[in-house]
Amino acid sequence: MSTSTAAPPTVVNFTVDGRQLSAPPGTLLIDACKRAGIEIPAFCYYEGYSLQAACRMCLVEVEKMPKLQTACTLPVMEGMIVRSETEQIHKARKGTLEFLLTNHPLDCPVCDKGGECELQDMVFRYGAGESRFTEIKNHEPERQWSPVVFYDPARCILCYRCVRACNEGMGVGALGVTNRGVVSEIAPNMVDHLDCDECGACIDICPVGALTSNTYRYKTRPWEMQHVGTVCTHCSNGCKTTLGVRNDEIVRGNNRDRSGINGEFLCVKGRYGFDVSTNEERVTSPMIRINGKLEAVSWSKALGFVAEKFRSVSTAGGSFGVVAGPHLTNEELFYLQKFTRAGLKTSNLDHARSGDLVTLLDALSGKTDALATSDDCYNTKAALVIGSDLSQQHPFLAFQLRADVRHHKANIYTVTPGPVREAKYSAQSIEVPVGGEFDALRNLTETLKGEQELVILFGDSIKGQRVRDLVEWASGLGIPVKYVCLVDYSNSRGAMDMGVMPNLLPGYEVDPHPGMSLGQMLSHETLDVLWVVGANPLRGKTLASKQAFVVTQTMFLEETSERADVVFPSASAYEKNGTVTNVTGQVQRLKAAVRTMGAKTDLEICGLLAKELGLAVEIGVWSHDVVFKEIHKSVRGYNVPLPILITGGAAATNPVNGRVAVDVRIEDIQSAGDTLFTSGELGRYSKLLTSVPEFPGALYKR
Amino acid sequence: MFNEPHPDEVRIITKRFGLPNSASIDTYLAHEGYVAFMKAAEMTPEAIIEELKVSSLRGRGGAGFPTGLKWSFIPRDNPKPKYVVVNADESEPGTCKDRLLIENDPHQLIEGCLIAARTIGCKLGYIYIRGEYRYLIDIMDKALAEAYAHGYLGKNIKGTGIDFDLYTHSGAGAYECGEESALLESLEGKRGVPRIRPPFPAVSGLYASPTVLNNVETFCSVPAILRMGGQAYADLGTPKNGGTRMLCVSGHVNRPGVYEIPLGFSMQKMIYDVCGGIRGGKKLKAVIPGGSSSPVLKADECDFPMDYDNYARMKTMAGSGGMMVMDEDTDIVKVALRTMRFYAHESCGWCIPCREGTTWLRKILTRMDEGTGRRADIDLIHELAKNMLGRTFCPLGDAAAMPTIGFVEKFREEFEARLRETVVPVTSPDQLIAIG
Chain A
1 MSTSTAAPPT VVNFTVDGRQ LSAPPGTLLI DACKRAGIEI PAFCYYEGYS LQAACRMCLV
61 EVEKMPKLQT ACTLPVMEGM IVRSETEQIH KARKGTLEFL LTNHPLDCPV CDKGGECELQ
121 DMVFRYGAGE SRFTEIKNHE PERQWSPVVF YDPARCILCY RCVRACNEGM GVGALGVTNR
181 GVVSEIAPNM VDHLDCDECG ACIDICPVGA LTSNTYRYKT RPWEMQHVGT VCTHCSNGCK
241 TTLGVRNDEI VRGNNRDRSG INGEFLCVKG RYGFDVSTNE ERVTSPMIRI NGKLEAVSWS
301 KALGFVAEKF RSVSTAGGSF GVVAGPHLTN EELFYLQKFT RAGLKTSNLD HARSGDLVTL
361 LDALSGKTDA LATSDDCYNT KAALVIGSDL SQQHPFLAFQ LRADVRHHKA NIYTVTPGPV
421 REAKYSAQSI EVPVGGEFDA LRNLTETLKG EQELVILFGD SIKGQRVRDL VEWASGLGIP
481 VKYVCLVDYS NSRGAMDMGV MPNLLPGYEV DPHPGMSLGQ MLSHETLDVL WVVGANPLRG
541 KTLASKQAFV VTQTMFLEET SERADVVFPS ASAYEKNGTV TNVTGQVQRL KAAVRTMGAK
601 TDLEICGLLA KELGLAVEIG VWSHDVVFKE IHKSVRGYNV PLPILITGGA AATNPVNGRV
661 AVDVRIEDIQ SAGDTLFTSG ELGRYSKLLT SVPEFPGALY KR
Chain B
703 MFNEPHPDEV RIITKRFGLP NSASIDTYLA HEGYVAFMKA AEMTPEAIIE ELKVSSLRGR
763 GGAGFPTGLK WSFIPRDNPK PKYVVVNADE SEPGTCKDRL LIENDPHQLI EGCLIAARTI
823 GCKLGYIYIR GEYRYLIDIM DKALAEAYAH GYLGKNIKGT GIDFDLYTHS GAGAYECGEE
883 SALLESLEGK RGVPRIRPPF PAVSGLYASP TVLNNVETFC SVPAILRMGG QAYADLGTPK
943 NGGTRMLCVS GHVNRPGVYE IPLGFSMQKM IYDVCGGIRG GKKLKAVIPG GSSSPVLKAD
1003 ECDFPMDYDN YARMKTMAGS GGMMVMDEDT DIVKVALRTM RFYAHESCGW CIPCREGTTW
1063 LRKILTRMDE GTGRRADIDL IHELAKNMLG RTFCPLGDAA AMPTIGFVEK FREEFEARLR
1123 ETVVPVTSPD QLIAIG
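Chains as they are written, first to last, in our numbering: chain A, 1 to 702; chain B, 703 to 1138.
One chain only, chain B, in its complex shape (with noise of 0.2 Å):
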């Protein structure tokens, strides 16, 4: 899934990707391991916090919110515990990169936790990891042992006067958990719904107390943005899009896989540079940019630089960075049938629009690539998706629906197509007699 680096890519987070034996902490610690926390341990609180708003670092996991500001929410008064929990549900379609970075980088993680905890005055963090990654959770462990036995985690780690402790907890296989309050719901043993919010976790969090809660990448990029600085690490992206981010290209290229690129990258360059353009010599259709929540683009929207505030300009998301690649040949019922299979089997069932929404649609959208599709059907698809889309208790019913009504708008040709007269195959009136 890795692939060979491209020159194109800048190889920050992933940098230690392909060393021999990257996952242990011997090789981490050869390459600028732990050091932005022993850094982290001699600054203040607020000056970490400060090197983030610089950084502009902003969450990886697909909203997009500035980590720094994330952070400083957390009331560092409040008596009650403090918790830091990273959220590795990576389940969103077309998503593959916080497992790559847990599989060869481990360490990254636990230095990002550290200097979290050490912001926030935590002594206690958990790392949630998607139920299907059964095999990350023996490398987290690993690295756990490893960290503990070299004073990483622990009692006065490093003689800083610093205590903390991380365990990883398996998911159960429910999309809905990596919905930061799901995630909490689950994490505390509960039903893997939603929360009211507010409170947001970093008011009332895990048990009730404040939390940071963050995606695997965004935990990752903080140990580099303290060792390289704010600055230099803003200086990587565009304005306000500070740094670097993963990118997952899948689909008909023909170099899929995970890259490393700044922010504000350009989307053609990525598809027919970095990826070696469309597989077969095809054209290019349609671009998925951002996981399966994010709406579709039409292949001549896909000339932009990708950072946050671009792809809202498209009318789109960044999202978790799981980029869909379609060529021409590519069935967009099919694909938007695909999508509402998806939602509808991992939809919570909590709220009204998308437990009864999604599979609504999904009964529709089989009929409709079965042939038996009609006319008002078209309008009915696009309707229902708006009447879900805002008025769903979690982003869930949002993130089946903004497709839906893409795929609808953009390629409503293709839905029209399938509109055939219906064929029934009828005898002859003589051979009716014959049986008869």
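The shape of chain A in the complex, shown without the other chains (with noise of 0.2 Å):
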């Protein structure tokens, strides 16, 4: 190293309310009085987003400014002298409240926001206790702009909070500000509807009641409320949810707490997506075919009919295929396999795969710190996006990229087979289709070498040889490269992790005896049992054994129940716990939030079968815990540190670092193309998600 000359500060001193802080140059004195939890008040300012100093809250004294300063605007400097709680500060503030009091609606006893509203807190802290104001308030009438988003002009306080979380953080720019001067309003983009995302994101950003969602609105008061920390189960991002429960009814899904990878991001999915556990269609109890119906019966009859058919079946020799969902839990997905390993001694298992990491792990074997987490994709100085649509099939790495663009000015290149909305801040966009993305990526080459590292995520384009291509493409590059494989599911990653795979054991070891894919499964002639959980491969397929027998453990009655011979009712995401892999894989905790009459979680009812069949000593006992307990000793990458876990933080697994020496068979990876309103086959029975006019979206849409 050389001698450095006038290194830039690493650190600024300055004084508040005669505390002495520091903070690194350029920390907005708002943000660094918060971290030495001294609170500066502000409506407009808003992390993350950029600046408007429009509130005039966040006003105070500093020592050599004539003028009060807006802490949300000024830098910190040294030697700064700060004072933010003195006489003519609460002065000013209780004048802002008093001018922003005039218009505003004092309806809080039947707001949505009353309790947990920014307004009203302020307002008890700052305000005056009695009203000057004895003229006529402005006053305009609420509006519907979608089926989730309502909008109460009277309300506004005028933040432009939404207008940014849409614009900035969203990308869409659904939101802007119309008319002038005390009749602005927030205003949607299609004068009176709004066509955008439905994230709801503007509504939750909303520092009082003026942004309402139709799912909550007039429900109950948020103190009335259990409020669940879980993980959104609908796409593979793995977002952080917490949601609201009342009376055993799920009725709000935010993130408001900022806990997890996604701090407050959540899409549509995952703040409204939770209708499906309250559809009437769900199944509630078991059944079984009679004269060619199915009708309910009991558990006990439902488990010991399955359990005779298991054993016969076994007995006779006969062929047992298992196919699982990416929606179950690793806790699930792994006694499944041991299930059928050990209990029905086959590897003929598998689920519907949508990405290859099989290969890329192989691939990329003896490189340690290849995969990339969600962090990377946010803290990445330039990422490459092949093949995949990513707001709408990944909105949360989306989101992150979109981040990482705004606050440290990556770059970002995209190879995809049609527009995509990365292409509007993208440093480089290409379109090619399919087939043709090694082209592109060699035009790209001399600027990628340029980067000074680069996150790479890739479709399910990029399968088999295709992905030992570009490692080795990326490896010519001369930079740290890390990988994200897309893949569709809240525990598509899992299901791999857990073994899920007719060739390949928990933690990608290799089975010595490899079973059956999906797609052979369901190609088999002489298939003796069919047994599903919690998946539906039959929809837009046909089973070519005309002799099986066929299980399903699921919510609703879908095209692999109408044939079925026995369907057991199980429960929703939201309904169990457990622990889930992202795309990114890390493992976070589900919990259950609500109950519903006559469903059992699948971990309960393969257990059940397992005891019925006399398994349960082998197997082991079905409780969440105590799988995980095994999955934590046994499962390579899984040993993480259980604090981060019980806190409902997400840990990083790190899967395998060597050969993973097995043929991929690439025509079973498929990915389901599903967009921001769908998610396989839970999104349809979703009553608000179908609601959407933009529902139900395509993926490359200009």
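No wet-lab data here; the hints were simulated from the structure. Be aware that a few hints might be false.
Unchecked claim - Below are the PhoX-like pairs computed for lysine-lysine, each with C-alpha atoms no more than 20 Å apart in a straight line:
{"#": "1", "chain 1": "A", "residue 1": "381", "chain 2": "A", "residue 2": "449"}
{"#": "2", "chain 1": "A", "residue 1": "137", "chain 2": "B", "residue 2": "1065"}
{"#": "3", "chain 1": "A", "residue 1": "409", "chain 2": "B", "residue 2": "782"}
As the list claims (entries may be wrong) - Chain A regions said to be covered by chain B (calculated; three or more residues, Cβ under 8 Å):
{"#": "4", "region": "63-77"}
{"#": "5", "region": "177-185"}
Source: prediction; values computed, not measured. Virtual Cβ for every residue (Gly too), placed ideally from N, Cα, C.
From these two lone chains plus the hints, build me the complex, please.
Here is the structure:
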């Protein structure tokens, strides 16, 4: 290292209310104070979004500055002396609140926000006891902008948080401001309605009750709910969501406490997709097909019937096929694979695979830390997206990249078969048909060599040999590269990690006795038993075996259950405990928020079946924590720090660091191509998702 | 509007006014047109800025910031393009000088822009013209076309190697867009709301590039300064208040109009000599000296030399030169209401104190004017205006608060006179029975 001359200071010292504080240069005063536990009130300031200085609540006294200064725009400076709680400041805050309340309706008793309203809190703390405003208030009627969003202009304090959340955070820009002065209001992009992601970020970020959601409004008061921190299981991104539960009913989903990898980010599915659990079409009782019709029966009868059939097929040396859903928990998947291999003595076990992680792991063997986490997507200096409409299929990862561009000026490159939202802020966007990706990549090679690091996110068009080609090409760039193999569902990654594959055991150990893949099972003409747990493999496909005895564990009577001989009602992800692993390999805890009459978790159903078959001792106790303990102990990469999990955090798993020498059937790998508004089998049972005008959406839409 | 010249006037930037075809380039060239630019082309940027500093020219848009200093802030080694932007969004009530400058002598403005461009090394400029001044855009566009035809705009202007393009841009009827950062937002095609400053336009202005942004009159003064020399220009006025400025006198005087007077000219002389005294021989009551945002002066305060520093000493401001003279019959409550109606209508809505405060004040003043004011309202008006002052995002809030505070403090008795006993017309009990 050469001797450094006049290196910029790494810390700035200043005083707030007599306290000596320090912060990195460039830190805004409001943030620096917050970190030191000094609250400076603000409506318009919002960490991570552009500055407004519009609400004038954060005014503070700074020595040597004649006027009060806005703490939200003032970077800390060496030797600065600040006072945040003086009579002058209190008077200013009181004055501003008095102005705000002139046209704000005092309908707190019926307002959704009452009890968690920032205006209410501020007035309680700084406001005047009585109003001097005796004029007539301006009023405008409430408007409905979409099946989700309602806007009440009278309550709006024009902090523009929603405008920024929509434009900067979501990259949609569906909200703006119309009119001028006191009659200004927030306006949707289609004049009287919204055409957007329907994500509801605007509603969550609203400090008052101006933006309200159709699913929550007038249903409850905030203090009457229990708040259950769990993980959204619609897509593979694994966003933390806090469910508001009242009387065993989920009434709200958000993540206002910013816990978890996603901070406050949630998409329409994470915020409103919980209504699948209360859909009246749910199966609530076990059913057996009697005279061609599914009839409700007791649990003991159904379990006995299935056990009997399993036993006889097993004795006769018949063939089993087991299909698991990528929405199941790690515990359920682990237990099921153990049941299949140890109990049914077969490896005919698979799930709907949507990304070729196996080949990636093999190609990367020997390279440690080559898999990116969601944090890496926010911190990387450059990212390359190949073959995915990220904003639609992986909304949280797209959000991370947008934030990366905003906060770190990252360069994003996309190589996709059609137009993507990332093109708006990317350094370069290339549209090529599937198969032509490598031509585009070769054109990018020289540019990317100039980057300091790269995160590559690739979809299902890169599989098999093409994954190896990609890794070889990337290693030629001469910069550190990390990868995200994009997969579809909440536990697609976990299903691979837990060995729900015909040729790989948990932790990607090669199975010495490989079985049939999903495709092979469906086309096997003499399959005796098809056991489907939380999946719908017969949607758009047929089962070749006419004789197969089909058992399903499901929430709804979908196509596979139509063919089933026995159907068990299973619990939704909102009704069970366990863990799931997201697309970037972070394992998180799922917590039961509600119960639904009649349904049992898939783990319990599998456990009861094991007991019925006399396999309970061999396969183990069907309690999620006991199964997790076994996973923690035995599955490679899952030896994660437990405190992170227990406190609702995301623990990074490190699956493998060595060869995974198996043949991958690339024809089995196919993304379902879900959009923002679809969610495999589940989405179509969400009334809210199917009610928005944007449903079902399309990928690569201009 | 432009009157017969008065002998006390010193006509520097209005000297071509009244000439036949004064807006044409031929007239302009015949009267020292583009001489200053050719001179500037020979000078170094530092020399031009020095000349401006010597001239002590201060911004004529309202704030009175020294122009030479402002231009010197432009980081000339910045690799970004630089811009010259003319603020012709003249919207301050009482002000009507920029329209005359464009209407009568548009080439003088073009030359001022050229010199600015030469100074900061800029190739592109915009003239942002108030939306209501539609007809001026035609005049300006015609002048620009003439300048291009004569080689005073475009590539390699008159062999100097200087390239400069200049365009007009129309506002859409918002007072707020006269605020420089809101003007830049509007010019960029966005909603006209002000920006957070710093950074100031000199560092990050139009398209986040270094920008010189001045009022029309300021740019128009620059060619004269280079022609006559900074010191000669400065000597016209008082120390630190160089040159002449245009004063737009309206209200109850015999000869209202726009006059070019040297800085430091006496206000008494202005009212009683230049403008011919108060209409109808009435007595003077008050003067709003620099556009509607400047605090009012009572009759006994209206005797001082009008330069920036003395306005400040009188706790008012030179503003944009819109001087409104009011005679003894003027109803100050109505004046306050009319002023507040303007600001409530023009508040952009960005920040809370201005957005809500102006409308609240308008509502109270309306009641006051209608005769349903309460005694507590007078103090309330005063206090609300004080609550706005210094706490708003941009100067519009101050512009609304300052005159209001001035009206209440200086003419409190007029507000009190409006508090009449409430008269409820009650019929006699007998009649009530009869109706009953």
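So which hints don't hold here, by number, going up? none
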